[in-house]
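Could you put together the complete structure from these sequences and hints?
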Amino acid sequence: MILVVLRVMALGLWRDRAGLVLTFALPPLVFIVFASVFAAGANGKLDVKAGVVDQAASAESRRLTNALSHQLGGRLTTYPDRAALLDAVANGRVDAGLVLAGDLSLAPAPAIVLVHPGRRAAGEVLTAQVKAVADRALPDVMMEREIVRLGPVLGLSKRQLSRLSGRPAPAPSAPFVTQQMLGGGDPMVIYYAGAVSILFLMFTAMQGAMSLIDERRAGLRLRLGLSAGGVAPLLLGRMLWLTALGVAQALVLFIVAMSLYHIPLVQSLAPWAVTAIVAAAASGGLALALAAACPTREQAQTLSTFVVLILAAVGGSMAPRFLMPAPLQALGWLTPHAWVIEAYQAILWRRIVNADVLAAWAILAAFAAAGFLIALTLESRRRL
Amino acid sequence: MAAEPPEIVLRILDAHRRYAQSAPKGAKKAPALDGVSFQIAAGEIYALIGRNGAGKSTLAKAAIGALALQSGTVRVLGGDPAKNRAVAGAIGVAPQDIALYGHLTVAENLYAFATLAGVRRGRAEAVAAAMAATACTPRAATRIDQLSGGWRRRANLAAAIVHRPRLLVLDEPTEGLDSQTRLALRRLIIDLKTEGTAILLISHDADDVRALADRVGVLEAGRLVAEGSPANLMAQAFGGRQDLTVLLNGPVGEAEKTLVKSGLVTSDAGVSWSGLVFDAPAMASRLDRALRKRGVEAGEISVRQPGLDALIAWACRAASSLETAA
Chain A
1 MILVVLRVMA LGLWRDRAGL VLTFALPPLV FIVFASVFAA GANGKLDVKA GVVDQAASAE
61 SRRLTNALSH QLGGRLTTYP DRAALLDAVA NGRVDAGLVL AGDLSLAPAP AIVLVHPGRR
121 AAGEVLTAQV KAVADRALPD VMMEREIVRL GPVLGLSKRQ LSRLSGRPAP APSAPFVTQQ
181 MLGGGDPMVI YYAGAVSILF LMFTAMQGAM SLIDERRAGL RLRLGLSAGG VAPLLLGRML
241 WLTALGVAQA LVLFIVAMSL YHIPLVQSLA PWAVTAIVAA AASGGLALAL AAACPTREQA
301 QTLSTFVVLI LAAVGGSMAP RFLMPAPLQA LGWLTPHAWV IEAYQAILWR RIVNADVLAA
361 WAILAAFAAA GFLIALTLES RRRL
Chain B
385 MAAEPPEIVL RILDAHRRYA QSAPKGAKKA PALDGVSFQI AAGEIYALIG RNGAGKSTLA
445 KAAIGALALQ SGTVRVLGGD PAKNRAVAGA IGVAPQDIAL YGHLTVAENL YAFATLAGVR
505 RGRAEAVAAA MAATACTPRA ATRIDQLSGG WRRRANLAAA IVHRPRLLVL DEPTEGLDSQ
565 TRLALRRLII DLKTEGTAIL LISHDADDVR ALADRVGVLE AGRLVAEGSP ANLMAQAFGG
625 RQDLTVLLNG PVGEAEKTLV KSGLVTSDAG VSWSGLVFDA PAMASRLDRA LRKRGVEAGE
685 ISVRQPGLDA LIAWACRAAS SLETAA
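Protein chains in written order, with the working numbering: chain A, 1 to 384; chain B, 385 to 710.
Treat the hints with care, since some could be wrong.
Facing chain A, from chain B, some residues (calculated, C-beta under 10 Å) [to be verified]:
1. ALA444
2. GLY476
3. LEU484
4. PHE497
5. ALA519
6. ALA544
To be clear about the criterion: a stretch of chain B counts as covered by chain A if any three or more of its residues have a C-beta under 8 Å from a C-beta of chain A, and this derived list gives those stretches [to be verified]:
7. 445-457
8. 469-475
9. 500-506
Worth flagging that the hints you see were computed from the coordinates, not collected in a lab. Note that the structure is predicted; figures quoted are calculated from it, not measured. Where is the CB? At the ideal position from N, CA and C, for every residue including glycine.
Take a look at the structure:
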């Protein structure tokens, strides 16, 4: 009897291909995403994007910049001045910035790492990398600084130090690299408000879109198919409902965030509303496409769980994107999540509506339109 | 002056449809519809009967434009319901499942379907009229998922007629209903017919078909194998024979010869005997006496009109012998 039950259960799983995928493919996929994020973070091997300004313009600073560029590959951008670098850091185009501000041998802290509070980890990683690269590429300079630092401990006079270093009057006692935090507040709260908002928008939209399948099953679709406007208004009505529901859900979440963490929601209400609308529409469009593609509710439920979790993991709803390896970060741009999170960060933390925000809005609207059109095509062709 | 013939509301001509996935790999695909042609006039009820899988649902879907034919034409009031929204709006459908929103009340459902069907003016009146016609008014404010099966069937029918369609497709409209509700719904369907609605009725219920249909079409393997009025088809099929059933209370014993000689056969080792016989009431009395004489007690002897299954089986046999002869 026990064997019969085992056989029935096993056949049930074997014949439910979507269930098989969910059971055996989703866990390793989610594991890969998390492992690549947190293992890299723990080892300090983050693919940090950095910017640099060489104000020192010396032979040593050029050596350091070249070595750092080699170390970071294509992830180091050179900026002409400090203001441009500050702007890049503040707008999230780079995760952290490096200013080489003075004589690398003599100045107290010639290398300054600029970081905003939402990406403290990136600042730590860049600081460690600058130190390591300087030790390798500028052994003479670093040795000099060590001699100067240790001079008082070893009882060396200024004259002796000057002779050893071959320079006039060594002074530094500060570390080679220091960090400077930009701005205030806690952008991670805004990050996670956006991240959690889009995660649950997806869940809500998927659940709402399931009504398409329920209607097919109950025979309602047959009756609705005779409606005056055909399939398009039926889908558009659903899309509008899912969008309205999503905006209401996001509003509740951000009101809580505003009450508890003082997110400037009221001050940025208009751009927030646009972001919430396009984010909810993108979720609604994708959910409708998925529901239209699935013949049964069981399939849709399995597939939607798969899609929601994978998009959330890759798109940055579960772990900050800047902690991910570069290929995964690039993959994240294929999800609505990454665009939603970036848009909310720009609007609510940096308080700007720039070209990046406009691009995010356009891409989210494109997600919505594509999802809707796919759903419309599939539903129009569906045999009842 | 001769009266004008009634307007043809639904005309299906040489409909062919084959499902891609209907046959196992390598096997020949059986057609769901294989050259079906028929028409329904205004104020006529056409009943479509057939075994499960004969193609009734496929034909009904094709009739309302929800299913594309591979060849052949469907015209409702002269237009293609799949392409012409105005024509589609002239069709009402009451599927076998209760095709209503369970979380809405009867009135809310009807209002929604009236709007979707394009009723612009007088929507409230249309809803009230549909509820009155189906006697749903006392349950107007009750949610569908809180109604009994009979009320749900009425509401399902109300949603199909709320926009006053010219063609009404009813799939098993009285299934699972008590006799009182069944009679009430039959009366309603006859009222709709009297108002000029053309009705395509799909049913397994012989009483519904006899009581309602002007014409019956028997569908088998996607082909219309017989067509005519219920009385004519029954006469052709059974020639006045009726279904006689004898249920025995004990072992059949020596009475077996008598039963077999009377043209009855058993399907369950001698407890129940049945067959189509002429002059069934007289035969029932004779059998009763003969059984008593042999000391066998009959629990029940009943005489009924032959059912649809028998009619379908006859139509299929007749079509098959015609094919063989050809």
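Taking each numbered hint in turn, which are not upheld by the structure, reported in ascending numerical order?
Those not satisfied come down to hint 5.
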